[in-house]
Amino acid sequence: MKAFRTLAVVLAAMACMAAASDPSERLPDPAQEARARDLFKEVRCLVCQNESIDDSEAALARDLRLLVRDQVKQGRSDAEIRAFLTQRYGEFVLLKPPFSAGNAVLWLTPLAVLLAGGGLMVALLRRRRSPEAAPEALSAEEEARLKGLLEGE
Amino acid sequence: MIVEFGAFALVLALALSVAQTSLSAAGAWRRSGVLAGAGRGAALGAFAALACAFAALIYAFVGSDFSVANVAANSHTAKPLLYKVAGAWGSHEGSMLLWCLVLTGYGAAVAVFGERLPPRLRAWAVAVQGALGVLFLAYTVFASNPLTRLVDPPVEGRSLNPLLQDWALAVHPPFLYAGYVGFSVVFSFAVAALIEGKVDAAFARWVRPWTLAAWSLLTVGITLGAFWAYYELGWGGWWFWDPVENASFMPWLIGAALLHSAIVLEKRGALPGWTVFLALAAFGFSMLGAFLVRSGVLTSVHAFAVDPTRGVLLLTIMGIAAGFGFLMFAIRAPSLNAGGLFAPVSRESAIVLNNIILSAATATVLLGTLYPLIREAMDGEAVSVGPPFFNLTFTPLLVLALAILPAGPLLAWKRGDARLVVRRLWLALLVAAILGLVAYAVVTPRKALASLGLVLGFWLIGGALAELFERVGAFRVPWAEVRRRAGGLPRGAWGTTIAHAGLGLFVLGASFETAWKVESAQALSVGGRIELGGYVLTLTDVGTLEGPNYLAERGIVRIEKQGGGLVCTAQPERRFFPTGGQTTSEVALCPRGLDDLYVVIGERRAGANGQPAWLVRAYVNPWVRLIFLGPLVMALGGVVSLSDRRLRMGVARKAKGAQA
Chain A
126 MKAFRTLAVV LAAMACMAAA SDPSERLPDP AQEARARDLF KEVRCLVCQN
176 ESIDDSEAAL ARDLRLLVRD QVKQGRSDAE IRAFLTQRYG EFVLLKPPFS
226 AGNAVLWLTP LAVLLAGGGL MVALLRRRRS PEAAPEALSA EEEARLKGLL
276 EGE
Chain B
305 MIVEFGAFAL VLALALSVAQ TSLSAAGAWR RSGVLAGAGR GAALGAFAAL
355 ACAFAALIYA FVGSDFSVAN VAANSHTAKP LLYKVAGAWG SHEGSMLLWC
405 LVLTGYGAAV AVFGERLPPR LRAWAVAVQG ALGVLFLAYT VFASNPLTRL
455 VDPPVEGRSL NPLLQDWALA VHPPFLYAGY VGFSVVFSFA VAALIEGKVD
505 AAFARWVRPW TLAAWSLLTV GITLGAFWAY YELGWGGWWF WDPVENASFM
555 PWLIGAALLH SAIVLEKRGA LPGWTVFLAL AAFGFSMLGA FLVRSGVLTS
605 VHAFAVDPTR GVLLLTIMGI AAGFGFLMFA IRAPSLNAGG LFAPVSRESA
655 IVLNNIILSA ATATVLLGTL YPLIREAMDG EAVSVGPPFF NLTFTPLLVL
705 ALAILPAGPL LAWKRGDARL VVRRLWLALL VAAILGLVAY AVVTPRKALA
755 SLGLVLGFWL IGGALAELFE RVGAFRVPWA EVRRRAGGLP RGAWGTTIAH
805 AGLGLFVLGA SFETAWKVES AQALSVGGRI ELGGYVLTLT DVGTLEGPNY
855 LAERGIVRIE KQGGGLVCTA QPERRFFPTG GQTTSEVALC PRGLDDLYVV
905 IGERRAGANG QPAWLVRAYV NPWVRLIFLG PLVMALGGVV SLSDRRLRMG
955 VARKAKGAQA
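Chains A and B, in that order, are what the protein sequence lines are.
Letter by letter, the first sequence follows residues 126 to 278 in our numbering.
Letter by letter, the second sequence follows residues 305 to 964 in our numbering.
Don't read these hints as lab results, they were simulated from the structure.
Predicted model only: the values in this text are computed from it and were never measured.
For every residue, glycine included, the Cβ atom is placed at its ideal position computed from N, Cα and C.
Keep in mind that the hints are not guaranteed to be accurate.
DMTMM-like cross-link-like pairs, simulated, lysine to aspartate or glutamate; straight-line CA separation at most 25 angstroms [unchecked claim]: (1) B/751 to A/163; (2) A/166 to B/685; (3) B/751 to A/154; (4) A/166 to B/536; (5) A/198 to A/216; (6) B/821 to A/203; (7) B/821 to A/154; (8) A/166 to B/823.
A short list of chain B residues far from chain A (calculated; beta carbon distances all over 10 angstroms) [said to hold, decoys possible]: (9) 377; (10) 602; (11) 683; (12) 826; (13) 884.
A few chain B residues that face chain A, going by a derived Cβ cut-off under 10 angstroms, partial list only [claimed, not checked]: (14) 638; (15) 641; (16) 678; (17) 685.
Isolated chain A, as found in the complex (with noise of 0.2 angstroms):
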């Protein structure tokens, strides 16, 4: 019995804890609150292990939604509100990395593997199409050779 007790104190501890869909957070109009919910997928949890805000039960990300929504309520754009985020917490909250001359590589490197892929493949059927029976030519050591032969006939 004594262990339920402890569960029920334990219980009561977590009370702060919440979910992203917690009904209390929730804004009245709809179309922002759905808003808000995809914003919160771009959001880090910054004291958690690699979460997002939306999933992450931990108090800080409960903070961080109640001021994207709150920014959200105001009418700000998401971009404004992605730029209040980075100016206050840096590019680290951010799951998605800004394009920007710093994360050009991170953002090109799929293009530039895939068409540098793609330029090699060309270059092989290219010379394989190249007339391959072309023999080299003969060095002045085989030239010697084969005429020697021929006139030895």
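Based on the hints, put chain B in the right spot on chain A.
Chain B alone, transformed into the frame defined by chain A:
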């Protein structure tokens, strides 16, 4: 005593691996069958010794011997037996021991089953596999020994992270490691072939079964891990593009590329350099994964067994092994023959394209995973790369690969006929497009991209079937003839069809679930209801119960169809583990065909008019079962392909005889 015996066996395994490497290498060098045979004996011995060491660790866990440091840190007397056993690989030390066990196991398998291989190649492969064993065993013995004793043993253990106390998680590491480490054999064969300077069709034939086995096991391991995340983390996601997930996904992608390029090398003698490069890279990525997961350089939702100091050692091991492999490659690559010719429209081209896309996908995952480290090192800026990035970059690459996939198996080698392929596939494409349109019209809310995803999934399945029908002559020749042809079809062809169709199932599930899952969360008192996706959920009762090593609050949720009819009774729990002070939510899953009703109960809170209430979250996850079924079907395809007669070693000898 048994633990000491195990610790001794572990050191013995290290000594035997040293013997395996030196004897096999000497045997290969001096062309001595006796020395090579002794090397193979040592390989078997190393595996046997390590099996003893591992058995001793499990024994210590099952008996809750807390004088063993690893057991004290990761087990508890009250833990159920399955999780006591699984605790043996739930920690850094134990999981490295499992890694070594699998590594030596594969070494022993090459020693036993490689009878028909050319003796020198086999001896070199056993030597390289032994050298890998030496590296990882030395690490285990000297830096990460799971069998060391404590001077002052505690009365009770610290238990295993409760999130890890779950059947899917308990069984998924053995699969994962059998997959990861399976690529070590591929690596060893690649190095052996490079030493011999001969990378040819025969090499591809020897490497393919090991690749198939490793890739299939890795597929199962990743799927179990995703399933665990799906129902244990409690918010219904199954893939988070988390560093630990990416670490397992990169060898999988490279393995998939290798499976295909090895076919080209085997059938047409083309792409030898590229194939051997992939063979080296697959295990390179496995080792990178082992380092990333354990070193803690990246934060992860799955982080376990993190230890930065030992991470450096793992990085060193990886550097030595991969460095040697790629050095051999650099030396030999220029002398490798370019192989057979092929036209732009041919099966070779299709597979090269597949490999290019898979490589770009791997590069994307690799860079995305490591990018935070790179930025940190370059300008000290902390950045995050999460799911939104991968969804925007990886997914288009995947779509590209899948769009062209069905054409590949229908193209002829050397020079294919595009018009013929169109004639054989137009019906599959038409059916897929119609089904996609139907989904677009019928399913609410209307989603164009997800409908396109469905088209892709149906296209893959239809394409796989079209190819199968083409091969057996379905609808063209009499039924008896079709059956005869189906019986005569090589297992490899069946494997291709099954695996490609499995991929289609996965795409269907992933598209549908991601787009059309619905959720609702409400604070309910007993008797409260949630209406969701045509179902009515009623919280009928909440009780407390005592598990073997936890206390729980369990909700009873009646799920009915709207308009009556009980569907099932879900019993989600919230468990508290007093030993670690952690709480987990035990999701209740109620399968409905391919869909899941997914119910989570949250903490108790004050509800309306003084009644206690609980936050109940419910999801309807449509077609989610396909997400897990699809990859299992793919793995099945791999296994079926593995049973192909062509891949048994006997044929390799014939081929060799024919060459000689």
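How the hints compare with the structure:
1. B/751 to A/163: This hinted pair holds, its Cα atoms lying about 16 angstroms apart.
2. A/166 to B/685: holds (22 angstroms)
3. B/751 to A/154: Judged against 25 angstroms, a Cα distance of about 22 angstroms means the pair holds.
4. A/166 to B/536: holds (20 angstroms)
5. A/198 to A/216: holds (23 angstroms)
6. B/821 to A/203: holds (24 angstroms)
7. B/821 to A/154: holds (21 angstroms)
8. A/166 to B/823: holds (15 angstroms)
9. 377: holds (20 angstroms)
10. 602: violated (8 angstroms)
11. 683: Non-interface label on residue 683 of chain B violated, nearest chain A Cβ at 7 angstroms vs cutoff 10 angstroms.
12. 826: Nearest chain A Cβ is 5 angstroms from residue 826 of chain B, so the label is violated.
13. 884: holds (12 angstroms)
14. 638: This hint is violated: residue 638 of chain B lies away from chain A, its Cβ roughly 16 angstroms from the closest one there, beyond 10 angstroms.
15. 641: violated (13 angstroms)
16. 678: Interface hint status for residue 678 of chain B: holds (8 angstroms vs cutoff 10 angstroms).
17. 685: holds (6 angstroms)
Hint check: violations occur at hints 10, 11, 12, 14 and 15; the rest are consistent with the structure.
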